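Chain order of the listed sequences is A and B. This note's numbering applies: residue 1 is where the first sequence begins, and numbers increase by one. This note's numbering applies: residue 115 is where the second sequence begins, and numbers increase by one.
Check each hint, because a few of them may be wrong.
Interface residues of chain B toward chain A, partial, derived using beta-carbon atoms under 10 Å [unchecked claim]: (1) 204; (2) 208; (3) 219.
Derived by calculation from the structure, the hints in this document are not laboratory data. Computed from a prediction, not measured in an experiment: that's the story for all the values here. Cβ atoms here follow ideal geometry from the backbone N, Cα and C, with glycine treated the same way.
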Amino acid sequence: ETGVTQTPRHLVMGMTNKKSLKCEQHLGHNAMYWYKQSAKKPLELMFVYSLEERVENNSVPSRFSPECPNSSHLFLHLHTLQPEDSALYLCASSQDRQGGQPQHFGDGTRLSIL
Amino acid sequence: AQSVTQLDSHVSVSEGTPVLLRCNYSSSYSPSLFWYVQHPNKGLQLLLKYTSAATLVKGINGFEAEFKKSETSFHLTKPSAHMSDAAEYFCVVSFSGGYQKVTFGTGTKLQVIP
Chain A
1 ETGVTQTPRH LVMGMTNKKS LKCEQHLGHN AMYWYKQSAK KPLELMFVYS LEERVENNSV
61 PSRFSPECPN SSHLFLHLHT LQPEDSALYL CASSQDRQGG QPQHFGDGTR LSIL
Chain B
115 AQSVTQLDSH VSVSEGTPVL LRCNYSSSYS PSLFWYVQHP NKGLQLLLKY TSAATLVKGI
175 NGFEAEFKKS ETSFHLTKPS AHMSDAAEYF CVVSFSGGYQ KVTFGTGTKL QVIP
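Just need the whole structure built from these sequences, with the hints factored in.
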């Protein structure tokens, strides 16, 4: 496998459920990102990990909990979500966090909160 | 501070006619600039990038963009649109030095009419 792979592709959950989104990159990159893409809103950066250390957290509610066990894997743990959390969640990676590095994106997880 | 403005939220062209998607940026430092494309239910795919080398950048699928510092613009063009070009396009600015601060534009949806 190559590139950035996200699973599941679609997820429907109730507000009281707990689920996790998974991202895996096979590019040998050292930085990984979670984004939220909602309809008619700009792409929102949620978290940034560099060498498995969280280096950026953009005021994301605590019901979203990221985890980066190694440089190839990134998780987003979800619990007690709200209807406004329904969105496409995109994972990306880049060689490192130096400016000028392009990000490589997965195809996203389409999350629907009932 | 840096920002990016995509001047058109929607662009409609006929198949075989030229495409022009406009992007203006603001950056206090030497910027890196990118264009990404997103097809429905897919992640963002890198089309091309500018990182202070040649000002005319050629990308995939026949797209190119020209960096014009005097106009602070990085417009995306293609001589002849194909039906497969129908997608959403994002202009992105990143600071070239130091840690990456990435700012995404709000996107331009390109419609290609047969």
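The hints, checked one at a time:
1. 204: Hint holds; residue 204(B) Cβ to chain A Cβ min 7 Å, cut 10 Å.
2. 208: It holds, given that the least Cβ distance between residue 208(B) and chain A is near 5 Å, below 10 Å.
3. 219: OK, holds: residue 219(B) within 10 Å of chain A, min 8 Å.
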